[in-house]
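With the hints as constraints, model all of the structure from the sequences given.
Line by line, the protein sequences are chains A and B. Position one of the first sequence corresponds to residue 767 (the numbering used here), numbered consecutively onward. Position one of the second sequence corresponds to residue 261 (the numbering used here), numbered consecutively onward.
Because the hints were derived from the structure by calculation, they are not lab data. Glycine included, every Cβ here is placed at the ideal spot set by N, Cα and C. A couple of the hints might just be wrong.
[As the list claims (entries may be wrong)] Derived pair list, reagent style DSS-like, types lysine-lysine, alpha-carbon separation capped at 30 Å: (1) A:K772 x B:K485; (2) B:K440 x B:K262; (3) A:K793 x B:K452; (4) B:K262 x A:K777; (5) B:K440 x A:K777.
[Claimed, not checked] Here are some, though not all, of the chain A residues that point toward chain B, as calculated from beta-carbon distances under 10 Å: (6) M1257; (7) K1260; (8) M1263.
Letter by letter, the chains look like this.
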Amino acid sequence: MSKKLKLDRRKDIPPIAISLESTLSIKTGTWRYFSPLHKNKIPPCKHECPINQDVQGFIELITQDKFDKALKLIRRDNPFAAVTGRVCYHPCQTVCNREYFDGYVSIAALERAASDYGLYTEKKKATRNKKKKVAILGGGPSGLTCAYHLRMRGYQITVFEELSVLGGMLRVGIPDYRLPKNILDREISKIVDMGVEVKTNTKIGRDIDIQELENRYDAMFIATGAHLNRKLNILGESLKGVISGLKFLRDINLGRKVSLGKKVIVIGGGNTAFDAARLALRLGSRTTIIYRRTQEQMPAYIEEIEQGIEEEIEILYLTIPIKITENNEKGLTVECVKARLGDVDASGRRRPIPISGSNFFIKADTVISAIGEDADLSYLPKKLRCQKGVITTDENGVSSCFKIFAGGDVTDQPRTVAHAIGSGKRVAMAIHKALGGKTLKKPEEDLPVIEHEKINQDYFEEQKRIETPILTPTKRMRNTKEVKQGLKKDMAVKEAMRCFGCGICNQCENCLIFCPDLAVERDSDSFKVLYDYCKGCGICMLECPRGVITMEKEPIE
Amino acid sequence: MKKVIIGNHAVSYGVMLSRTQVIAAYPITPQTEVVEKLSELCSNNKRVKLLKVESEHSSMSACIGASMTGVRTFTATSSQGLAFMHEVLHWAAGARLPIVMVNVNRAMAAPWTLWADQNDSLSQRDTGWLQFYCETNQEILDTIIQAFKISEEILLPSMICLDGFFLSHTSEPVDIPLKKDVDAFLPRYKPKYRIDVNDPHAFGGVTGVNYYFEMRNQMQEAMDKAKNVILKTGKKFKKSFGREYGLVEEYHCDDAEIILITSGMIAGTSRVVVDGYRRKGKRVGMLKVRTFRPFPAEEVRRVLGKTKKVAVIDRNISFGHSGIFFQEVKAAMYNEDVLNRPPIFGYITGLGGRDVTPDIIQEILDYTTLNTKPKDDIIWIGLKR
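This is the structure we're talking about:
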């Protein structure tokens, strides 16, 4: 390629040291041991999301003030943006890489903003109706999500619901001050309006036989949830005045009158316990929560615990109820014993050990027991394998029986709205595949999740998180208005700007600008590395703010 | 248009009139107003890029990078700043980049000082830069415009020196030429070699023993050529603007028995003193050296060959020897077939900005008159007793 220079005479020598030939003939790419590769990664928020939502994607759309498109993107996975924006426990925020900089991004508030300000409704009817029919047992978040995804793909869907209204736990388990009914109605009606057949007041096993459904439908999805209140197994549990947390929440949510009296004791430390306790407060009762471990072990979300404490709920930790008796006059007495924490048990938490002789008594008008929920498996066919009180399935909701799928709280997974929606989505895909549909979605490649060390924080400016406005405790108690208020539109845009966009190329061109060999070129809407010249120095990788570029060892074609 | 402006602002106007495209500078007293005015003048001008850099080493490096892409490039500095540039000054010249720089002469520390002498720029004598020493604010402005033209023709950078405070901060009437006239005099820079992403070449790469020597020889040839280019450019400038400066300026030298050799603003003071002696009928003249690099040895020989005594005023010192202009003048008089070699007196005065008044120059002339030849290489004038 390069010819031997012959500059024997003085006048041939140029005044400056310049290569006679173009340096393009020098293929410095041969020096390379590692090759840079532009490849989007998985942001931790998406990875952690039980619904696997494109969190970064919708946040980026919000930065561009495109709330409609943001909502559309969320609804690709999750038809309950307004719900998850309010009541999801947002694991996405917990893993947000910005936490290592100036605090996580308020993802939940942004999801809510997308649903508050974005307008998007799927077309009324799926473009092409398939003949295949799917029965969905249970009209909760899991069942409805599955119905939504399958209806989008043209299947004939029938949802069977025991209660008179759809929504499952979202309807009867979550109080208005966390999730207003009109918001829930809006989300559900969008799904129903797509042409989903709904049969309410239909209990499987009572009103219709499960075997009959199995015969009539091409596939069945069981998502009947966990609506049985777990027993306390102590004396006096069946006394009048001892009520179940789930039933209490259900009655209030369905608009029934419940009188609790002046003093209420709630037993348990989960979300149901806190929901029940905070509702009792709003009904005018003084409320005490009894929990056998400490706050650290409480399964309720920290937000609920904090807001409950703000609202002046009394919490007795390390307290085990052992007996409930009726008073002579009126009301109940709960006998308790104090506990200390022992070794770690099967749940991974430290076991409470009663301290003998520490017994004491508390009086109450009503005792609400909320120590957990169980699934009703009594109506299921015998052949369906169940274990530990739930239906056994694989991660896609495939059960032990052909064309029977299960998801949500009736299966072995964390009992959260997000997990219910996530399983509904995965089951829909599994059913689609089982009924001969093509899986359009590429199998999730084994892309790495982007760690905070890969983010070049030098390119970001510190910007404090915009906190979600919360009603003051006194204002909250006056009515059942939502405690958490939404972000204003401009605040949402500003907060969205804080997103690092981990692992997703936004074409900032840093790689192109910083490459000392001009070996990065634009390639329509992405970049091309000229491997003939790239020396593999890695500067592009270091200067990529979002960690999109990785250095790969093997030669890249 | 005539304006009364300080020397530093004369620099800024000259740079803008020359349609400089990239300016990279770091402020330092007494140069600061150059950059201040420039940033003001180019704030709304999209054709100029003013780079704020973190040091003088960076400013010269940025100028080198910019100049290599083929744009007209300028910087300004002073004293320690110039010293900090030293390494890259060699590079700019060796890479044959026509960068123009203003150095506002300021004495070197320690001890800290802000006032004028020439040791900063003269320390950079051997870097391959052209050096001009200016006497007035008008000359500053005119020299900048000329320097771009000269540098771009011979492919060596130019350093224009002005005395700190005496010129940089003194207001004088300056005739600011019209833009269109300057454009006609100084057309766009058309580089022969430049960095071009569409035709990539390697620049400044390792050059072995086979070629480096010849390339250094070419630099010296360019310096030799510069003399004629400076004269030619000066003549062309005169045609457009009516002013000419040359390599040296002779002032009453023709019949002079004593010739003062000066540079920078001291030349201005010397004129007054020479005028005074002339009025008394004494045959005294002055030779102002405007270009120190290339050194006008021929002109010096021609002028000094007719006189009886020479007095060189140096506002600088090469420690361990003598004044630097003194050395250069003496060297010019040797080796060549010069018929008359008058005694040369080397005076050092005004270091660190001490004023060189007409009295001081008179003292120098009187000493030269009274003594047949210098007793020493250095005659200190104005030292405290």
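Hints, one by one, checked against the model:
1. A:K772 x B:K485: holds, 27 Å
2. B:K440 x B:K262: holds, 16 Å
3. A:K793 x B:K452: Satisfied, since the Cα-Cα distance of roughly 26 Å is no more than 30 Å.
4. B:K262 x A:K777: violated, 47 Å
5. B:K440 x A:K777: violated, 38 Å
6. M1257: Violated. Min distance 35 Å.
7. K1260: Hint violated; A:K1260 Cβ to chain B Cβ min 30 Å, cut 10 Å.
8. M1263: violated, 27 Å
Comparing the model with each numbered hint stated earlier shows that hints 4, 5, 6, 7 and 8 do not hold.
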